[in-house]
Amino acid sequence: MDFPTFDEIFRVSRDEILTKNSNLSLDAVEREGTDVNALVAGQAAIGDEVIGQLVETEASLFLDSAEGEKLDRLVFDRYQLLRKPASSALATVEFTTVTPVPSSFSIPIGTRLSTSDGRQFLTLVASTFLIGTTGPVSVAVRSALAGLNQTVKKDQITSVVSSITGSPSDLAVNNPLASSGADNAEQDEALRDRARRFFVTARRGTIFAIETLALAVPGVRTAFAFEALSPDGRQAISNQLLITDAFTETLIDVSPTPVSYQLQTQLLAQIVFNSLVDTRAMGIFISVTLASVILQGVTLGLRFQAGVNVDLVAFRARVAIVNYTNALASGETWEVSKALDALRIVPGLVVTGGEILSPAGDVVPQALEVIRTTTGLVVASTIQPDTALQGNTNPDGV
1 MDFPTFDEIF RVSRDEILTK NSNLSLDAVE REGTDVNALV AGQAAIGDEV IGQLVETEAS
61 LFLDSAEGEK LDRLVFDRYQ LLRKPASSAL ATVEFTTVTP VPSSFSIPIG TRLSTSDGRQ
121 FLTLVASTFL IGTTGPVSVA VRSALAGLNQ TVKKDQITSV VSSITGSPSD LAVNNPLASS
181 GADNAEQDEA LRDRARRFFV TARRGTIFAI ETLALAVPGV RTAFAFEALS PDGRQAISNQ
241 LLITDAFTET LIDVSPTPVS YQLQTQLLAQ IVFNSLVDTR AMGIFISVTL ASVILQGVTL
301 GLRFQAGVNV DLVAFRARVA IVNYTNALAS GETWEVSKAL DALRIVPGLV VTGGEILSPA
361 GDVVPQALEV IRTTTGLVVA STIQPDTALQ GNTNPDGV
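Residues 1 to 398 (the UniProt record's numbering) are what the sequence shown spells out, left to right.
The set of hints was computed from the structure by calculation and includes no laboratory data. Remember, it's a predicted structure, so these values are computed and weren't measured experimentally. Please note that the accuracy of each hint is not assured.
Each computed DMTMM-like pair below joins lysine to aspartate or glutamate, with the alpha-carbon atoms no more than 20 Å apart [claimed, not checked]:
(1) Lys20 with Asp2
(2) Lys70 with Glu189
(3) Lys84 with Asp278
(4) Lys70 with Asp193
(5) Lys153 with Asp117
(6) Lys84 with Asp72
(7) Lys70 with Glu56
Produce the entire structure from the sequences given, and follow the hints as far as they go.
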């Protein structure tokens, strides 16, 4: 039921006052500027203010309608989840000199660096610049402030702000790669989505649980987990987790795309990997890679050798396509010829070269995109008139 509006409250008050006082006319009450109109409108305004407070209170009780701090309180009270704060930018800088240094000196933790527009970065580890060298000495850094506006492109961190004891006057600094990981505080809709996943992901080690925990890391925008499969379609002992940050989405359409950015993102990937220690199953490795996922459907038209279990062979063919696809690196092309090579090792198949019905040709991703698929996206059919498949489910029930 909707809450009453100002007009509805005014109408109720108007009807009540006209009922109680026969000397008043409808025109007198509704005409703006009259004393009785001001009296009725004032009552309606007070009621409207109270209703507004009730609306906010009611909205704060439900996940879909609560906003801002009210949503924070609701989600923490029900699920013990906190809104992801704004995250710092992560980068690697290189210290160099023009001439070999006469003596070794240390670059301490917390050394402050800066860009030309004033964004400052702090070193995360201590490093030593050795005597007789000119560098480069690579050091991991993070932005002093958090937020998406702390993202820097390559060659933008160029000033040493802190005093480094024993450093020569020609000491220079630069970031050869763009930063990664910076993001603003989590938006309401993203927090709601994590809250909705809470009970589904309460059991650790599941796909949803791994994806949800990755999404809880500040700076991570998307997360997709994929299971490795054996040739028989059974789950193997390693999994993949593919994540993106805000900068990844921006760089996908940049030409030319800086492939070296993937190296820089390993800092964020390592943070995500470390966060999975309480979620992944014991003995199961999860590789974490930063890339935007393209889910690729594949349609197969198969021929079979005589006497084989066609459903089992078809399932293994689908698994072979999944394993080939999910082994592709970021930016690597999905090639029809290599997919056919994967089918050729499946016992019981007759491969003539026309088994890939779709896609019609090679699929070429951007440098920061990676192609992935699942057994549910790979559909197999037979093109032998005397053979029929039971379906695209796993025939041995595992």
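Consistency of the hints with the structure:
1. Lys20 with Asp2: Distance of about 28 Å is beyond 20 Å: violated.
2. Lys70 with Glu189: holds, 13 Å
3. Lys84 with Asp278: The hint holds at about 19 Å.
4. Lys70 with Asp193: holds, 16 Å
5. Lys153 with Asp117: holds, 12 Å
6. Lys84 with Asp72: Measuring from Cα to Cα gives roughly 10 Å; hence the hint holds.
7. Lys70 with Glu56: Holds, at roughly 9 Å.
In summary, the structure is inconsistent with hint 1 from the numbered list given earlier, while agreeing with all the others.
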